[in-house]
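As they're listed, the protein sequences go chains V and S.
Read in order, the letters of the first sequence are residues 1 to 170 in our numbering.
Read in order, the letters of the second sequence are residues 171 to 720 in our numbering.
Keep in mind the hints are simulated off the structure, nothing from the lab.
Every value quoted in this text rests on a predicted model; they were computed, and no experiment measured them.
Fair warning: there could be bad hints in the mix.
What the hints assert, rightly or not - Okay, the calculated bits of chain V under chain S, using three or more residues with CB under 8 Å as the criterion: (1) 105-112; (2) 133-139; (3) 142-152.
Where is the CB? At the ideal position from N, CA and C, for every residue including glycine.
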Amino acid sequence: MRTAAIDPPGIAWQRVSPKYITVRLVEWALANLAAVLVLSAPLVFVLLGWWRWPPLWLAVTVPAVMLLVALWRLVLIPRQVRAIGFAERDDDLLIRSGIFFQRTMAVPYGRMQYVDIAVGPVERGLGLCTVKLHTASPGTNARIPGLPAAEGARLREQLAARGEARLAGL
Amino acid sequence: MTADGPLTGPPSVPTGAAAPADTTPDGEWLRVHPASPFVRGWVALAAITVFFGRDLFERTLQGQPVFEDGFARRAPWLLGGGAVVLAVAVLGFVLTWYFTKYQVSGGYVRVNSGLLSRQHRQARLDRVQAIDIVQPLLARIFGLAELKFEVADAGESAVRLAYLKIDEARQLRATILARASGAVSTAGHGAVSAADPRAAGYGGTGHAAGADRFARPAPEAPEFPVLTVPPSRLIGSLLLSEQSFFIVVGGIASVVLSAVTDNRAFYFYLVPAALGLAAGYWNFFNKGYNFTAAISPDGIRLRYGLLDTQAQTLPPGRIQAVKIAQPPLWRPFGWYRMQVNVAGYGTSGNAAEGNTRTILLPVGKFPDVLAMLSLVLPDPGIDRPEAVFAAGLGGWDSDGGFVTTPRRARLLAPFAWRRNGFAATATALLIRSGRWWRELVVVPHQRTQSMALQQGPLARRFRVADLVLHTTAGPVAPRLTQAGLDEVRQLFDEQSARARQARKRQTSEQWLRQVVPAAESRPLPDAPVVEPVETPHSFTQHQQEGQQHG
Chain V
1 MRTAAIDPPG
11 IAWQRVSPKY
21 ITVRLVEWAL
31 ANLAAVLVLS
41 APLVFVLLGW
51 WRWPPLWLAV
61 TVPAVMLLVA
71 LWRLVLIPRQ
81 VRAIGFAERD
91 DDLLIRSGIF
101 FQRTMAVPYG
111 RMQYVDIAVG
121 PVERGLGLCT
131 VKLHTASPGT
141 NARIPGLPAA
151 EGARLREQLA
161 ARGEARLAGL
Chain S
171 MTADGPLTGP
181 PSVPTGAAAP
191 ADTTPDGEWL
201 RVHPASPFVR
211 GWVALAAITV
221 FFGRDLFERT
231 LQGQPVFEDG
241 FARRAPWLLG
251 GGAVVLAVAV
261 LGFVLTWYFT
271 KYQVSGGYVR
281 VNSGLLSRQH
291 RQARLDRVQA
301 IDIVQPLLAR
311 IFGLAELKFE
321 VADAGESAVR
331 LAYLKIDEAR
341 QLRATILARA
351 SGAVSTAGHG
361 AVSAADPRAA
371 GYGGTGHAAG
381 ADRFARPAPE
391 APEFPVLTVP
401 PSRLIGSLLL
411 SEQSFFIVVG
421 GIASVVLSAV
431 TDNRAFYFYL
441 VPAALGLAAG
451 YWNFFNKGYN
461 FTAAISPDGI
471 RLRYGLLDTQ
481 AQTLPPGRIQ
491 AVKIAQPPLW
501 RPFGWYRMQV
511 NVAGYGTSGN
521 AAEGNTRTIL
531 LPVGKFPDVL
541 AMLSLVLPDP
551 GIDRPEAVFA
561 AGLGGWDSDG
571 GFVTTPRRAR
581 LLAPFAWRRN
591 GFAATATALL
601 IRSGRWWREL
611 VVVPHQRTQS
621 MALQQGPLAR
631 RFRVADLVLH
641 TTAGPVAPRL
651 TQAGLDEVRQ
661 LFDEQSARAR
671 QARKRQTSEQ
681 WLRQVVPAAE
691 SRPLPDAPVV
701 EPVETPHSFT
711 QHQQEGQQHG
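Bound-form chain V, shown alone:
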């Protein structure tokens, strides 16, 4: 089900690189597998007979639920990455994300204070980068992940130039 319900109609979205899925997979593995392992520790101890307190069903249920949630999120990752999109309009940059919890954000060029490019270790290996936009509001959490490095640099220059041209005060 491809829902684009809250997007303004007639926008040609630019999508992020499919390689960003790998970045998300690595992040997912680090976060969720660690959590599942930690939560499985009581199960191991109970099975070995070292611990008596958590009953076996509880010791099994907690990591199992965690594992299910993690797998569910794993399945969602490719679709979430495909759902990320941005569009450079004349006066603002639109960024959309999310499948179940959708968000479409408009950041006017004239409001941008500065533009960051961040590159993590995995992203660097894949030649990707993340562009972050900052306005005077801490609520503006505008980031476009998974851009090819050249595209990221182009976007930053573009945004900076447009921001310069339309700069307003606060």
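Start from chain V and add chain S according to the hints.
Chain S alone, transformed into the frame defined by chain V:
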């Protein structure tokens, strides 16, 4: 409304001759008042005094000899050590004072401080967001004041000068505001201002004419009182606040618990709780006492405080968002509270200080709210602002042109769906919410930073979505909840367009210099070419033309 009293008349400006004599040439490095380190360090001195004094006092009480045996032998060492400690402390104070200098010139305020690690800060005057004059009790006794201003510039925002003589602080505030407004030229912008006749000053009284405008201090802008909050109403509002409600509930609960369980221990918990609450109430009262709002060409002036007094100046157009709220207990009295987001206020200092500084009106009736709104939003962009704001504060459904949550989504907000809604005027977006805790949030279009549409799975089922407007950090977080999908998408588009128009209209941070691009046509038919959008006086535009050209 505010269309009475002295508010609407053109301000009569004290001419240059009436300005206080000031011998400060432009650009000279100055120091704060010599007594300030002691005023600032009095807590340390008081702590030392209490520490030694208490020991002495207790000995006297217990009938012990004040001086132990063998004291005479150790006395020289003790005295010597004490003297050294005191000397080092005083020297530290004096050196800190000596190395702290400030300068106002060329469109910047610079503050250099620090003894071992030097710190240089400079703040652009046209980015001044607010100026406060703060007088803690002790500083007040000595006639000193702290000048604190928030600058929307890169990095840390607050610049503080503590302490200055109160007259100097006022004078400096006037100077900074005059330059920030563009009323007085600064060295960096001299050419621009020469080309711009309106930079000649408020109401054209001509204090800026000639070459002496750099040397002469800026006169303090005239101000007109708008409202005061009577102490009785302040006390009433405190007693009926949400805090009091929970206290009563908590008190009853603990009494009931102790009666049921036959355990007196609950009463002991009440004692520290009561002390803390008393301190909290006292703090509110101390801060909110004698709250006075006034308007001047420099912006909104707020004064308050019983022992520690504070005078805030919010230049026009610096307020990013306003929230008008009414807790349920205030409704019988028709009281409202107003809070604002100002860049820098939300982030600086501790939380309690930030809280008091973001209060635009601690408690006021509907006419007071309208008066303050007229200062914040001089041009509401609608024909009958009273009716619309009344509908925003107390109305239901489509009163006043509000668009509410559609009926199909009433399960998502069973009580508030008839209240949750928005109305867009030519200059601001009004967001209404809450059935018991009524709220109206006003965001000027030209202050919207960015915005986002959000929708969860449940909301998608009911075809509704939320619209979040992002403003600077502060107590107001504008969010339109559960608006119908079609309406909110249309609003999203229109709001982008309106914010863009508003940004184009506002061309300068220097509010007395704002010009409309000639191509821009305003929605108001009688709009003058020189648009006094940011000059707050009343909801009507007409009187302001006279003021601008008079």
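Structure-based check of all given hints:
no. : hint    : verdict
1   : 105-112 : holds (count 6)
2   : 133-139 : holds (count 5)
3   : 142-152 : violated (count 1)
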